[in-house]
Amino acid sequence: MSSRPDKRPMFDTVLIANRGEIATRIQRACHDLGLKTVAVCSEADRDASYGKSADVFLCIGPSSASKSYLNKDAILLAARLTGAGAIHPGYGFLSENAAFAEAIEAAGLVFIGANAASIATMGDKIAAKRVMLAAGVPCVPGPNTALPEDQSLVEQIALDIGYPVIIKATGGGGGRGMRVVTEPARLPDALALTREEARQAFGSPALYMEKFLQHPRHIEIQVLCDAHGNAVWLGHRDCSMQRRHQKVVEEAPAPGIAPEIIGPVGEACVEACRQIGYCGVGTFEFLYENGAFYFIEMNTRLQVEHPVTELTAGIDIVQQQIKAAQGIPLELTQQQVTCGGHSFECRINAEDPETFMSSAGVITGLQLPEGEGIRVDTHIHAGYKVSPYYDSLIAKVIVHAQTRVEALARMRQALADTRVDGISTNISFLRALLEDAAFAKGETDIHYLEQWLKQRATP
Amino acid sequence: MSAIDFSDPKTIAFLTEALTAAGVDGLEISSASGNLRIVVSGGESHVSHGVKASSKPAVIKAPMAGIFQPRNSASADLPHAVAAADVLGFLRVGDVLVPLQAGHSGVLNRRLIEPGTLVGFGDALFEIEAQS
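Top to bottom, those sequences are chains A and B.
The first sequence lines up with residues 4 to 462 when you count with our numbering.
The second sequence lines up with residues 2 to 133 when you count with our numbering.
Honestly, I wouldn't trust all of these hints.
Unchecked claim - Listed next, the in silico BS3-like pairs over lysine-lysine satisfying Cα-Cα at most 27 angstroms (straight line):
hint	chain 1	residue 1	chain 2	residue 2
1	A	LYS214	A	LYS250
2	A	LYS70	A	LYS39
3	A	LYS444	A	LYS388
4	A	LYS250	A	LYS55
5	A	LYS75	A	LYS388
6	A	LYS388	B	LYS57
7	B	LYS62	A	LYS388
8	A	LYS444	A	LYS250
9	B	LYS62	A	LYS75
10	A	LYS55	A	LYS444
11	A	LYS39	A	LYS55
12	A	LYS250	B	LYS57
13	A	LYS75	B	LYS57
14	A	LYS55	A	LYS70
15	A	LYS250	A	LYS39
Unchecked claim - Facing chain A, a subset of chain B residues (Cβ under 7 angstroms, in silico):
hint	residue
16	PHE15
17	GLY117
18	LEU119
19	GLY123
20	ALA125
For the record, the hints were derived by calculation from the structure and aren't laboratory data.
Glycine included, each C-beta is placed from N, C-alpha and C at the ideal position.
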């Protein structure tokens, strides 16, 4: 039986401040928990299927995301009008916006996510690195302070770290505001350019510097924490298959990493969460090279790829996130977390499979895969109009099987059974990628996909 | 700034030329004074325009989310004439009432939402037919 000893405001209605597949996913978790839902939309999403299955469906603004899904006031107004007691931000949009989390709390509502202080700390890469070092989380070599203005001091820092180094904006992320420097002669120009980029993109010219890892993999550790100091980690994921810093295929567990290597890292992540009083779900992102982990950032929200962990850990992460926001203590200990089998997720995007240009239009026919060990998270249906206004993700095909080889075979079949007519999608690209020998072997680095694409383009 | 006169043959010729040069098949412009439609096909162009009086009634939409409260909750007084500046109703958010202006003069002939209903941005609230 769940107890609820803290004084967080209880809620029975959740406003879902997002769209697309994740709006559908959150709505399912809410309804499974007996909670009512408010779906909000922009003009472009008026016909969304999740609007019909929500308890209340309300249009909050024009199609432009800045006037709807990123409009804090419109979302808070919708919560007030509908009597929602909590707001789930999903991923993207306002999910890691500390001011939004703060405004929700100030309005007496519950933000289903990390608190504003945690979001702000993890949004500042230097502050995040300090927290991680204090908790024993391994970090990329480099000082945990912003770079000084004095160029000779910066030159010395680079020499101490050892070239190649990477310069990053302290407030950056998503692959923007960073530059690799391979030799001392290139440092002055790189500093000037990155400072200016950081100032324009993130409102602050502050930079930091780290060792540049040349062939790392991208490994993630999923954590789940309550408001009572309990925290667990739910295994790991490999998200190295990326194009332009955007993940394409994810899998859990990350292949070829021994439990005795990743175990202490997972424990350190949990310790970091306890030290900062973290509540909710979160993801620690690492680069992994030559058997060592290096922390890069923590995402204080639900992630697109959370289903691969759900299938291996057998835990509904979204439900757990909502329960944590309700103040309910975690119902499982670390000893009870057992990950089994192997899972893959393929992101189906509305885009040209060769040029990757977004494709908008009406889906005239749709066939989605079904069967044992296959899950599809999507909001699309035949007749659905893919809007040009938002991210091109239209579905996630997720599979689970006992072994990686079996899971890969299941995913190949699932993609063969998937058909989306009327628009361009990346399905043929994914099918080809899954036939690649290196992908099938596993343990490819974050640059592999770009190189594979270049080789394919070469006649 | 003066409004462009879309019934002026010079304007239509200029637009047709620009569309042909850009390889665009057609153009449709709706303004307060009427509609203009140019279709360029196989080197020929077809132009049609009309005046608003014969077009569809103007639909007054909600500028934001709120509880719909018409100025006069009884619909028995419909239809009746309204001026563009007339307040037809309000959107209530707590204690705040946001006025809903007609924006068009004409005949208010339909109220599309029941009083007390929660409406969202862009929901249609009233229909006003322009007077010829």
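Structure-based check of all given hints:
A distance of roughly 23 angstroms separates the Cα atoms of LYS214 of chain A and LYS250 of chain A; the hinted pair therefore holds under the 27 angstroms criterion. The suggested pairing of LYS70 of chain A with LYS39 of chain A holds, with an alpha-carbon distance near 25 angstroms, which does not exceed 27 angstroms. Our distance criterion of 27 angstroms between C-alpha atoms is broken by LYS444 of chain A and LYS388 of chain A, whose separation comes to about 38 angstroms. With a C-alpha separation of about 30 angstroms, the suggested pair LYS250 of chain A and LYS55 of chain A falls outside the 27 angstroms cut-off, and the hint is violated.
Distance restraint check for LYS75 of chain A and LYS388 of chain A: the Cα-Cα separation of roughly 26 angstroms lies within the 27 angstroms cut-off, and the hinted pair is therefore satisfied. Annotation: proposed proximity of LYS388 of chain A to LYS57 of chain B holds, straight-line Cα distance about 26 angstroms (limit 27 angstroms). The hinted pair formed by LYS62 of chain B and LYS388 of chain A meets the criterion: a straight-line CA distance of about 23 angstroms does not exceed 27 angstroms. A hinted pair counts as satisfied when its Cα atoms are at most 27 angstroms apart, and LYS444 of chain A with LYS250 of chain A qualifies at roughly 19 angstroms.
With a CA separation close to 22 angstroms, the supplied pair LYS62 of chain B and LYS75 of chain A stays within the 27 angstroms bound. Between LYS55 of chain A and LYS444 of chain A, the direct Cα distance comes to roughly 43 angstroms. Violation of the 27 angstroms bound is thereby established for this hinted pair. The suggested pairing of LYS39 of chain A with LYS55 of chain A holds, with an alpha-carbon distance near 13 angstroms, which does not exceed 27 angstroms. Proximity of LYS250 of chain A to LYS57 of chain B is assessed by CA-CA distance (about 48 angstroms); at most 27 angstroms being required, the pair is judged violated.
A distance of roughly 35 angstroms separates the Cα atoms of LYS75 of chain A and LYS57 of chain B; the hinted pair therefore is violated under the 27 angstroms criterion. Under the criterion of a C-alpha separation no larger than 27 angstroms, the hint pairing LYS55 of chain A with LYS70 of chain A is consistent with the structure, at around 22 angstroms. The suggested pairing of LYS250 of chain A with LYS39 of chain A is violated, with an alpha-carbon distance near 32 angstroms, which exceeds 27 angstroms. Interface hint status for PHE15 of chain B: violated, as the beta-carbon distance to the closest one in chain A is roughly 29 angstroms, over 7 angstroms.
Restraint check, GLY117 of chain B versus chain A: the minimum CB separation of about 12 angstroms is more than 7 angstroms; hint violated. For LEU119 of chain B, the interface hint holds, since its Cβ comes within 7 angstroms of a Cβ in chain A; the closest pair sits about 6 angstroms apart. For GLY123 of chain B, the shortest C-beta to C-beta distance to chain A is roughly 5 angstroms, which falls under 7 angstroms, so the interface hint holds. Below 7 angstroms, beta-carbon pairs count as interface contacts, and ALA125 of chain B has none with chain A, the closest being about 11 angstroms; its hint is therefore violated.
Against the hints set out earlier in the document, violations occur for numbers 3, 4, 10, 12, 13, 15, 16, 17 and 20.
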